[in-house]
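Colleague: Put together the whole structure using the sequences plus the hints.
As they're listed, the protein sequences go chains A and B. Each residue of the first sequence is one higher than the one before, counting from 1129 in the numbering used here. Each residue of the second sequence is one higher than the one before, counting from 1129 in the numbering used here.
Hints are not guaranteed to be accurate.
It does not matter which identical chain is used: a pair holds within one copy or between any two.
List of simulated lysine-lysine pairs, DSBU-like, C-alpha gap at most 30 Å [as the list claims (entries may be wrong)]:
1. Lys1429 to Lys1549
2. Lys1156 to Lys1574
3. Lys1364 to Lys1156
Quick caveat, the hints were computed from the structure, so don't treat them as lab data.
Number of protein chains: 2
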Amino acid sequence: MSQAVGRLEPLFSPRSVALVGASNDPGKWGFIVLLNLINGRFPGKIYAVNPRQKEILGLQVYHSVAELPETPDLAVILVPLSSILQVIQDCLDKGIKAGVVITAGFAEVGDRGQQMERDMVRLARQGGMVLVGPNCNGIMSTYSRFYCSMLPLYPRRGSLAIISQSGNVAGSVTGEAMSRGLGISRYISSGNEADLHIEDFLEYLEQDEQTKVILSYVEGLQDGRRFLEVARRVTKKKPILMLKAGDTPAGTRAARSHTAALSGSDSIFSAACKQAAIIRVHSMDELVDAGGVFLSQPLPKGNRVGIITRGGGWGVLAADVCARAGLEVAPLGEKTLSELDKYLPPWWTRHNPVDLVAALGANDNNILEVLLCSAEIDGVVILGLATGASVFSNLSSIKSMDDFVLAAVEDFGQSLREVIKLRDHYQKPVVVAMNMPLGGEEAAAKLAALTRETQTVCYTTPHQAAAAYAVLVRYAQYLRYGSDA
Amino acid sequence: MSQAVGRLEPLFSPRSVALVGASNDPGKWGFIVLLNLINGRFPGKIYAVNPRQKEILGLQVYHSVAELPETPDLAVILVPLSSILQVIQDCLDKGIKAGVVITAGFAEVGDRGQQMERDMVRLARQGGMVLVGPNCNGIMSTYSRFYCSMLPLYPRRGSLAIISQSGNVAGSVTGEAMSRGLGISRYISSGNEADLHIEDFLEYLEQDEQTKVILSYVEGLQDGRRFLEVARRVTKKKPILMLKAGDTPAGTRAARSHTAALSGSDSIFSAACKQAAIIRVHSMDELVDAGGVFLSQPLPKGNRVGIITRGGGWGVLAADVCARAGLEVAPLGEKTLSELDKYLPPWWTRHNPVDLVAALGANDNNILEVLLCSAEIDGVVILGLATGASVFSNLSSIKSMDDFVLAAVEDFGQSLREVIKLRDHYQKPVVVAMNMPLGGEEAAAKLAALTRETQTVCYTTPHQAAAAYAVLVRYAQYLRYGSDA
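Modeller: Below, the structure is given as structure tokens:
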């Protein structure tokens, strides 16, 4: 473990934590963060610190950091701005090596806050203490059951790490991942990044065995050169996906007053990201869509995609998305076409996308295998997997829309498992979408469980599936050809 | 009612319908469409026609159209290709004036099918019968409880009409609308548009009192000139939103084999849409997002938007989306700022977006009212409405994530009703988003019920809310200044 990485270890594997500024007022963040941490069942020691209280949520309260019976690995700081410097000094005196400053009102509000922020960082650095924040909403490490944030979110363990300069974007992305059955490794709301910057967290995640994919939300960079140097190294090992905000004058102004970020010119930023093979996305949903695709898919060997669709329109939309992303919706050779003829009705259109033309008996997996065997295809997008065949043939026994959706999800699960077998056998990626907007809680839970079990995300629109597939191709090209690809 | 419109009336308000090609085999569409129609509780007479069967789903079966005891308003045709011309002739002999041809395998599969399609249309037109399709998945009119499609979808009555050259896109868009609590007026899967074209349906919807907004999916146009003429007229009365597919060479090829559409040059098409004030969107989700915004919002008088956000990052993302769409994230005057100072903590950033800086006590509606009163703002986007205040202050009584989400939805409902009062009082649009990705079935049902009650869509991301708001501005500008706006 490098020295730089070791310094961050107390943030992500703390054995004990002090909440400085804990409160017994349910209307204060000092109460809420403590409650979230307790509800997350952190197995280590939790120390509540407040000069004027005795007990909070059943915990004994210490009146100062100095009074703590041991030196905690980490201090989470929520005190008013005016007490910050004193608290940092107290932490240093106690020998605490890492802090998370949730308190806001620093550089993002103007000159006075900026000065305070500088003083705080200088003090911490002199004493050898690293700081996350200020103006952040917390951090989480699922593998340590350390759920320490302003939001009552308890994601499962998983392989996606989230670094975000906005706490509420971090929360939204986490929630979106959870609702799809995806787990999280680390959650870092980096706030104003007064001390630790995004590049420090990237260095930590580079060597973090729990993290396979890094999702990031960035408003601005303080040390662009070092960021690019680190990012170029990290993307050779794991993909970095980035939602960059503040790419318009109005957004830039908003970013400055949000996290004091200088977001700079978007075109320069785009060129730099390309060099570092960072994959840019344009919304929070896309961040999760694109991140999830890396969890279990083999990387494609080229940019030629086959599309299988249960409905023509979905196929056209997916072909557009693939073509716009520079993929080739590859023509099929006569040998492949004749193989497909065996499984499709005479009026099928003999083109890629392969439209199953609403043929109720068609077996998706025979068709998938033909495409995976074909030399002209590097991977497949399947749209509307399994919604059709066995569900429709049992339609008369189905009494309600809920029954229908549940039967479709069941059917989908079986088909998906077969798809995964074929995918893993042929070592070509297969991205699937099913159309199930009407599913209730039970259907959503089943789909999420299926994703957890298979680590294979099920997309719900042709747009999502094709865009996720395109991201996979882009990253594979980078690993093969470097950033000039 | 114009003659053209009158000809389509049997399609949308049928009192009786014949299903020609009904089947008692649950693996055939002739069974499924009939089952869907029955399950939809169509109040009119349903006649099943099949030359070789006696009873299907409890209905007496007629061996031919000629045998029917009356002339139905409409024939829905699912017979094999080889019988099509005979069936059309039978319908004409019986005096049937309208047909929906679900059967596929016509122009989309090549020259022979194309010839058959031409012959079918010539025959029908000579006899004065209008045809929807072929190669479509059905039509619906919620106000007639006429749910006649291949998909078991039963949307509620509402003001969104869907015209789609793809049946499965029509189904997906309908499902998406339903899951958000939005109702549908008419559902038209127009297929190959051999006889009736999209412009005929637009003319019908122009005068249709049940339809306020038209959502369309288009792969190509057969009579571009007439389409533009009709669209220009319709958009003066109600907005037309369009997802145009096949705008890449790969997509164009896919569209040709899907519905035989010639999608043409995308740049010419874009220019024409702009002239006709058609609002282009780029995914099925956006179609529903943008359509829903017209249901209850007053149109803004200008392009100056105020953004209120519970979290900085959401505000930055929304500002970017607004700015890219040409809106002005308007600077706030000193008077407005001083008014806002009354309701926000001293460290608030005094900028638009107005960031509530995680202040738990802040009252969104006071702040909203200040912006609505301000002369420098034409409308407002609120992000994270009501998730914070009362929910967080009751946090200790909340035992699970489900409880939390339900409390937040409850809270949101109250806030939304107050927002609507203010919106309607000041006659400025207010588009809201809340972040509730973890809601289960109960939360989703409550949100959908709230949308039904208020006809106000609740978006779930800053991107969606800002993009929907921008669409509202664009349409308002068109109505004021024409297509040069």
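Colleague: Indicate, hint by hint, whether the structure satisfies it.
Modeller: A quick look at each hint next to the structure:
no. : hint               : result
1   : Lys1429 to Lys1549 : within (19 Å within a copy, 57 Å between copies)
2   : Lys1156 to Lys1574 : between (37 Å within a copy, 28 Å between copies)
3   : Lys1364 to Lys1156 : neither (43 Å within a copy, 52 Å between copies)
Hint compliance for this structure: hint 3 alone is broken.
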